[in-house]
Each structure stands twice: as C-alpha cells, then as structure tokens.
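Now for the letters of each chain:
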Amino acid sequence: MIIAEEAHNPILPIWQELVVGTIAFLVLCWVLMKFVFPVMEKTFQARVDAIEGGIQRAEAAQAEANALLEQYKAQLSEARTEAARIRDEARADAEGIRADIQAQAQQERDRIIAAGREALAAERQTIVNELRAEIGTLAVDLAGKIVGESLEDEARRKGTVDRFLSDLAGAR
Amino acid sequence: MSLQLAPVADVPWPPSVDEFFPPGVGGSVWITKFTIMVWIAVALIILFFVLTQRNPKIVPTKAQWIGESMYGFVRNGIAKEVIGHEGPRFAPYLTTLFVFISFLNIFAIIPGFQISPSSHIAFPIILALLSYVIYWYQGAKKHGFLNYIKTSIVLPAPWWVQPILLPIELAQILIIRPVTLAVRLFANLFAGHLILLVFTLGGFVLLGTGNIGLAAVGVVSWGMALVMTLFEAGVALLQAYVFVLLTASYVQSSLADEH
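Chains as they are written, first to last, in our numbering: chain C, 1 to 172; chain S, 1 to 259.
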C-alpha cells in the first residue's frame, strides 16, 4: 500500500495506458469513420431524397393537373366559341335562305304577273283585231240592210270604216 | 480523527489515490481494469454501431434510430452549430469522440466497474492531444503555419495591451487549450469517483463505530452516495459534451478568418 502510494501520481500518465488508449481509440475511429458514419450520411441523404422526391412528385402531379385543367378550360371555351359561331352561321344561313326564297317568290310572282299581263294584252289585241274585222263587216252588213242597197262597192273603200273605228278608239 | 482509529475491518479509510490504481491482472501494467474497460468500451461501441447500421432503412428501426440520433446530435447540434458549413466534415470524428468519452465516463457509475478510465489522466491526454493536432493541422492547412499563429494570437486591441495579450493568446493555442481539455475531463471524473468513495466508504465507517447517532449519519451518507451517483451520470455526459464542444470550437477558431 505504502509503496504503491509513492509509486502513483494521478496527474502523471501511465505510458502503457497511453499506448493502449491510443490504439483503442484509433481502432474505434477507424471502424466508425470508415464503416458507420458514411453509411449514416448516405441514409440521411436517401431520407432527404425520399422526402424531396415525394414533394417533387406531388408538385409534378399538381402541375400536370393544372395543365390539364387549363387545357380543358381552353377546350371548353373553344367549343363554346365554336358553338356560338355555328349558331351565328346557322342564323345567317337561315336569314339568307329566307331572303333567297323571298326573292325567288317575288321573282316568280313578278314573272307570273308579267306573263299574265302579256297573255291578257295579246288576248285583248287578238280580240280587238277580231272585233275590228267583225264590227267592220257587221256594220257594213247592217248599214247595207238598213239602207237596202248594196254599199259593197263603197264598202270596199274600207277606209271609211277604219277611220270610224280609229275615231272610236281615239275617242275612247 | 477518532473515526480513523476505528474503521470497519476491511474498508480502507480514508480513501486514497491508491483506490485509482488497482493492481493489473497478474501484476501486468498492460492488462488492468482500466485498459480492459477501454477495450470493452471500444468493442461495445463498434458492435452497437456496426450491428445497427448493417442494413440501414429509410424508415429506421429503433436501434438504428438511436445510433443515428447520436450522430445527428453531434453533427447538427455541435459540428454544424459551432463550426458552421464545414462542420459536417468533422462530424464523424466528433461523434466518435463523444460516444467514446461518454462510454468511458459512464463506467464511473456502472456497478462492478464504478470507476471511469477517464480518471486516469492518460486517456484524457490522448484525446486532448488528438484535438490539439486536429486544430493545429486545420489552422495550418487553411492559413499556412505562421499565418495561422498570427491570425490566432493577434487580436484587435490597443497596442499597449498587446504585450500582455500576445503571450496569453500564444499560450492559449500552444498549451492552455490541450491541458485544460485533458485536466478538466480527468479532474471531474477523478473527483467524482473520490466523492462516491467518501460517501460510500464513509457510510461503512460510520456504521462500524457502533454509535447509533453516527450510524444514522452513515445511512444518510449512503443516501448521498446514491444521489451523487445520479449526479455523476449527469457529469459523465456533460463532460463528454463539453470536451467535444470545445474541440469543435477550437477547430472553428482555426478555420475562422478573423478573430
């Protein structure tokens, strides 16, 4: 006891312990720093990647959904515009058709009326001509009968009758 | 004084420095309680980390998580916090240091061992010397050897303070830092063990007096030993933390551009 007490001073290191401690600690450092902590760093990184990857995936999905939504909206408004355009066109077409039909009908009516008039005029002309001839004959015949004498000679001079008739027409 | 005259038969009283130097196995100086504890610490730490990190998962198992928390604590709580963006580079060493010192210190209260290898100054000296080498190396690498000394010891102060300041700062980086690192750790664990001895052995001595009053004090003394054991657990971890924190801060000051 007393010998040991003189031998040991607690603030002087035992050199064997210095050697053992150094070796032991260096072994520990070597193993942990080579095989353990790099693995942990990798795990941390993988964890960060996993989390960030998840966030990125979610963001990508969100962006895609937004793009789709935009696309749908665009398509919808396009379709609306298209529908409106078609409606307008149809309306314009209908208007045009109606106008066409009206114009045609008008034309047709005018044509028919004109034809009617022409026919009427021709008919009248014919009748007038016929009547003219007939009246001339009748008048001469009648006048001959009334007078009792043949006026045929005189009648040959048709100018009288014609003049009369012309007067008649002029008076009318 | 009378207590010294009437100790219980097999309790050495008062506790002496010899309590810290139990004889080695077969009288060997290489294989002693202290060196065995160091090897046990190294073996258990390696075993724990290698086994739990053998197959790391993104979602960790409990054991893996414990190991990662130790590393994460030192990496983010000390290395990054104190050293800055270069901190993670030193995190593996600082974590090894932290775990090793914690383990050595905690031997102080583990039944069957109840003394820490850190109470032999040889082990703190090794660790302090390594910290010393590291901060000198980092400083010299970053600034160049002489320039590192210059940036470390020349402080912005009035010229008439410099004659006092320069030697102090030089002594700081040359001697004071490593010595205080080693002595702080050693002295805390040495004193802690001594306190436990005093209360535990004192209890035996007081009970052995045969005096009922002193025997009661002896029981209180054991109660104190219990309290001090819990206290030692705190000191063990705190000293490990302080050692690592200071090492980190020395490294930081080596890497710093200006004071």
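It is worth saying that the hints were derived from the structure and are not from the lab. Please note that a few of the clues may not be correct.
Claimed, not checked - Only pairs whose alpha carbons sit at most 30 Å apart, straight line, appear in this in silico DSBU-like list of lysine-lysine:
#1 34(C) - 80(S)
#2 62(S) - 34(C)
#3 42(C) - 62(S)
#4 42(C) - 141(S)
#5 33(S) - 34(C)
#6 33(S) - 80(S)
#7 34(C) - 150(S)
#8 34(C) - 57(S)
#9 42(C) - 33(S)
#10 57(S) - 33(S)
Claimed, not checked - Reference listing, derived: stretches of chain C covered by chain S, where coverage requires no fewer than 3 residues with Cβ under 8 Å from a Cβ of chain S:
#11 20-28
#12 34-40
Remember, it's a predicted structure, so these values are computed and weren't measured experimentally. Note that CB positions come from ideal geometry on N, CA and C, so glycine has one too.
Now for the hints, and whether the structure bears them out:
1. Between residue 34(C) and residue 80(S) the CA atoms are separated by roughly 20 Å; this keeps the pair inside 30 Å, and the hint holds.
2. Pair hint residue 62(S) plus residue 34(C) holds up; C-alpha atoms about 23 Å apart against a cutoff of 30 Å.
3. A distance of roughly 18 Å separates the Cα atoms of residue 42(C) and residue 62(S); the hinted pair therefore holds under the 30 Å criterion.
4. In summary, the hint linking residue 42(C) to residue 141(S) is supported, as the alpha carbons are separated by about 27 Å, within the 30 Å threshold.
5. At roughly 29 Å between alpha-carbon atoms, residue 33(S) and residue 34(C) fall within 30 Å of each other, so this suggested pair holds.
6. Between residue 33(S) and residue 80(S), the direct Cα distance comes to roughly 37 Å. Violation of the 30 Å bound is thereby established for this hinted pair.
7. This hinted pair does not check out: residue 34(C) and residue 150(S) have alpha carbons roughly 35 Å apart, beyond 30 Å.
8. At most 30 Å may separate the alpha-carbon atoms for a hinted pair to count; residue 34(C) and residue 57(S) meet this at roughly 19 Å.
9. For the given pair, residue 42(C) sits about 38 Å from residue 33(S) by alpha-carbon distance, which is inconsistent with the 30 Å threshold.
10. Between the alpha carbons of residue 57(S) and residue 33(S) the distance comes to roughly 38 Å, so the proposed pair goes past 30 Å and is violated.
11. Check on the stretch 20-28 of chain C: 7 of its residues sit with their Cβ under 8 Å from a Cβ of chain S, so the three-residue criterion for coverage holds.
12. Only when three residues or more bring their CB closer than 8 Å to a CB of chain S does the claim for the stretch 34-40 of chain C stand; here the count is 6, and the claim holds.
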